[in-house]
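Participant: Top to bottom, those sequences are chains C, V and Z.
Each residue of the first sequence is one higher than the last, beginning at 1 in full-length UniProt numbering.
Each residue of the second sequence is one higher than the last, beginning at 1 in full-length UniProt numbering.
Each residue of the third sequence is one higher than the last, beginning at 1 in full-length UniProt numbering.
Take every hint as true, because none was put in to throw you off.
Now the stretches of chain V that chain C is said to cover, found in silico as 3 or more residues with beta-carbon under 8 Å:
1) 19-29
2) 72-80
The calculated lysine-lysine pairs, modelled on DSBU-like cross-linking and capped at a C-alpha distance of 30 Å, are:
3) V:K124 / V:K91
4) V:K124 / Z:K132
5) Z:K132 / V:K140
6) V:K91 / Z:K132
7) Z:K50 / Z:K132
8) C:K124 / Z:K178
9) V:K140 / C:K140
10) C:K124 / C:K91
11) Z:K178 / V:K124
12) C:K140 / C:K124
13) V:K140 / V:K91
Calculated from the structure, these hints are not laboratory results.
We treat Cβ as the ideally placed atom computed from N, Cα and C, and that holds for glycine.
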Amino acid sequence: MIKEVTDAHEAEARIGKLRLLEALLFASAEPLDEETLAGRVGPEVGLLLEELRAHYAPRGVTLVRTGGGWAFRTAVDLAPELRREEEVSRKLSRAAIETLAIIAYHQPVTRGEIESIRGVATSKGTLDLLMEHGWIRPGKRRETPGRPLTWITTDHFLDHFGLETLRDLPSVDDLRAAGLLDSRPVLLGLGATADDSALGSDNEE
Amino acid sequence: MIKEVTDAHEAEARIGKLRLLEALLFASAEPLDEETLAGRVGPEVGLLLEELRAHYAPRGVTLVRTGGGWAFRTAVDLAPELRREEEVSRKLSRAAIETLAIIAYHQPVTRGEIESIRGVATSKGTLDLLMEHGWIRPGKRRETPGRPLTWITTDHFLDHFGLETLRDLPSVDDLRAAGLLDSRPVLLGLGATADDSALGSDNEE
Amino acid sequence: MADLVADLPAGCEADAAAAAESSPSEQLLLVLDGFEGPLDMLLALGRDQKVDLTRISILELADQYLTFVAEARKVRLELAADYLVMAAWLAYLKSRLLLPEPQGEEPSGEDMAAALAFQLQRLEAMKGAAEKLFARPRLRIDVHPRGAPEDLDLRRKSVYEVTLFDLLRAYGRQRARKESGVLHIAPVRLYSMEEAVRRLSSLLGHMPDWAMLASFLPSGESGGLLTRSALAAHFAATLELAKAGRVELRQEGAFAPLYVRGRPGNSADSQDGDISEEAQSHD
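Next up, chain C with everything else stripped away, as it sits in the complex (with noise of 0.2 Å):
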């Protein structure tokens, strides 16, 4: 990779400086054009960047030169064995997680449940986006009047959230406890609203 050089410590500076180019190119989220890169390595980059590009030529990591600038990409013939799939990532609408979330704790529940405990109604796809997605399936009916079908989560739910067991999702008192459920107001001084106890029997006053 190196050419040769007469003296091993300017080799030792240019192995130094063209490792430094990989890093900077490899970590940088835009091209960087020569200038940028000149700054950190010397007025010398053109020839480095030459010799990069030829070091990586027949490797699956290319050095190209795009607009006016530098940047590793993957090697185009292997486009064809990293083509990604049509459906990009999306994200699940924050309906779509509350239900699953609200299934998951309160299972086996009726949408009707679910829709009294969201204080909104759920619309047919967010069920629909969820079992199609294998997360939940319908459970049991409810033996009240109009039997109403009950929703519970499957296997892949707790694969897909790393979970053994349901019961290992974390209880309430849990997710109070990590911050991650505060309703109440925190009242300053008042070093004692941990006596909920107290409190919360007074509520209906």
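We have chain C already, so just place chains V and Z on it with the hints.
Facilitator: Only chains V and Z this time, still in chain C's reference frame:
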């Protein structure tokens, strides 16, 4: 880079696989597990990965193993030249740093145990913050009265701190040998406001 | 005091410098701010012995801690309950170490001291480990991943990106919304002084003789904020009523039970002057 092989065809196939592996790993910012990679290049993935690791060892970008996966990362010795300041908003409190270390070294560990080690209650938001960073997650419940939730570190934690496995935690063997990784509570009533046994009781609500 | 300030954990030097120029109570406050609870403070004091933690003198440490707490209380500093619990425990430990061991099932003083030494070592070990951990090259700070990842989505485990954290946070928010649907500021029930004055006035008519103030407290509340505020309100109410000349107060000594009775004749000539004088005049 390629070991001597008698058969030219075999050599070519091998190079093809190395290039593909290189490209796959290069394309991803997150570590890829061997299983995923084996699905693309076949069962000899282990040998190929070692070969790539050796090739990149002296360069500015190196192939590292972390948790169950492999990833390209800039070389550690270039850190001073590539250092990015930590965003002020991401700076962690002393409590959060200590809590993370306790989880890393004592895992799986309950909140009560963390509090007994630190001798002080865990403020709300500490575990939440560590979880948001992707460093910790809930583990299994402890099979003791009250079935308290335990906390463990994630693969991302290993990746973040450049660790291959938990055994590579600094000084972990010495600490274990000295008996200092014993998380049992020692002095009753010290800080441990989180009575573990009280937690986890209202999962069913 | 001065050496306590010097024991600050690393990173608080600036505070210490500031403390040197402020009043003793401010100094103590600054010192306390630097600690993560009583065990952390003990550890800082322990480091000052400049010996290996395995050979630390627990007795000396207990003395240092108790001195600190005594100083803090002298300047009427509000100490968190944790610190007082530790002080009580250390005082007990001290007595166990100094007095002959009683026969019994309790752990010996030596065992208790050893347990404390172990806790300090363990905490010290974790602080050291945390330091080493964060001294490691960290991702996106010292070591960097590919800056322009080409999204291959190889794992194909899921089309949707949802982590356990997302799920738990969604549930937490949902619960929080539910708990505070109509912004329910959990009512902090406090007993007001007016309430206590009304209550005492009506009760005193039926209590001709001295009675303990505590017996006037509303029943059915045990401990907690409400009880404590009721006590405070009733106390303030008796002072107010005494000032108006409607009741008399009596107390044997500091912190002794406070007795109260309706003033015979209950006329309107209000008396100024402090409670203790008035109490003495009736003894």
